[in-house]
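**Q** These protein sequences, in sequence, are chains A and B. Per this note's numbering, the very first residue in the first sequence carries number 1; after that it's consecutive. Per this note's numbering, the very first residue in the second sequence carries number 1; after that it's consecutive.
Rather than coming from a laboratory, the hints here were simulated on the basis of the structure. All of these numbers come straight from a predicted model, not from anything done at the bench. Using N, Cα and C, we set each Cβ at its ideal position, and we do this for glycine too. One should not assume that every hint holds.
Stated by the list, open to error - Looking from chain B toward chain A, a few residues come up when the C-beta cut is under 8 Å (computed):
1. Ile-12
2. Gly-17
3. Thr-18
4. Ala-40
5. Asp-72
6. Leu-73
7. Gly-74
8. Gly-76
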Amino acid sequence: MSGPSSMRTPLARVRSLGASHSGTSDFWRQRLTAAAMVLLIVPVIVVVIMLLGRNQAGAAQILGSLPIAIILLLFIVASTWHMKIGMQVVIEDYVHHEKLKLASIMANNFFCFAVATASIYAILKLSSGV
Amino acid sequence: MALSIVHRATGIALYFGTLLLAWWLIAAASGPTAYANVQAFTGSFIGKLIVFGYTWSLMHHLFSGIRHLVWDLGYGFKANEREALSWGALVAGISLTVLVWIIAYAVGGGR
């Protein structure tokens with residue numbers, strides 16, 4: 001697309017995109033999800049303490065209630081997204097073999113999406129009471 | 001202070017620690033037997049140790065992360081301010097971990 005015949009200079013093409021070639025979106029989302037979790041951490045800890053010492057029936061009843069389910073869903077989305085970006089930074093810092101790096105980043109995505117999907121499914125199942 | 005590597009290490013610990021959280025939620029959604037298995041694990045010595053470590057990692061990463069957000073906003077770069085923020089994150093992380101466990105035992109232990 002921007003081959004040798006492009007009229008744009010190399011500087012113009014990379015300006016504001018940085019070393020990742022995709023701009024600062026991950027940087028911003030890492031801060032966004034961090035700020036979200038600063039707000040969510042107190043209600044999440046309260047929910048966990050509410051569940052301590054209860055059996056499955058008691059825990060299921062609490063986890064299935066509307067405000068608690070929403071708090072946990074928000075926390076799951078924020079935390080798994082934050083995890084995905086954070087681990088990608090770690091991989092990019094330490095894994096320099098190109099194919100191994102791509103495989104690691106792919107595994108990271110799979111892991112975070114799997115944890116998110118499984119947790120969200122569990123909350124929705126508890127909320128619908130089936 | 002060399003806390004930035006601790007921030008990263010606790011982040012990696014939390015990354016794998018979410019498996020425990022996901023297991024717990026799935027068990028609650030699955031039924032009494034699955035939930036009892038989670039409780040047997042978290043009630044064991046090694047389970048408690050892991051959950052305690054998870055709590056500290058979470059609390060330390062939280063306060064260390066707030067420190068980074070303060071830096072992102074352009075504050076706290078003087079030498080004494082950096083020291084104060086780092087020590088503050090370390091002390092707050094340990095204190096809150098102990099406090100949460102005291103509350104957890106006070107509330108959960110009574111059931």
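**Q** If a hint holds in the structure, say so; if it does not, say that too.
**A** Do the hints match the structure? See the list:
Interface restraint check for Ile-12(B): the shortest CB-CB distance to chain A comes to about 7 Å, inside 8 Å, so the restraint holds. With 8 Å as the threshold, the beta carbon of Gly-17(B) stays out of range of chain A, its nearest partner Cβ sitting at about 10 Å, so the hint is violated. Restraint check, Thr-18(B) versus chain A: the minimum CB separation of about 5 Å is within 8 Å; hint holds. Of the supplied interface hints, the one on Ala-40(B) is violated, with its beta-carbon coming no nearer than about 12 Å to a beta-carbon of chain A, more than 8 Å.
Interface hint status for Asp-72(B): upheld, as the beta-carbon distance to the closest one in chain A is roughly 6 Å, under 8 Å. The interface hint given for Leu-73(B) is violated, since its Cβ lies 10 Å from the closest Cβ of chain A, which is over the 8 Å cut-off. Against a cut-off of 8 Å between C-beta atoms, the interface hint on Gly-74(B) is violated, since the closest Cβ of chain A lies about 13 Å away. Annotation: Gly-76(B) was flagged as interfacial toward chain A, and the flag is violated, the nearest CB pair being 16 Å apart, outside 8 Å.
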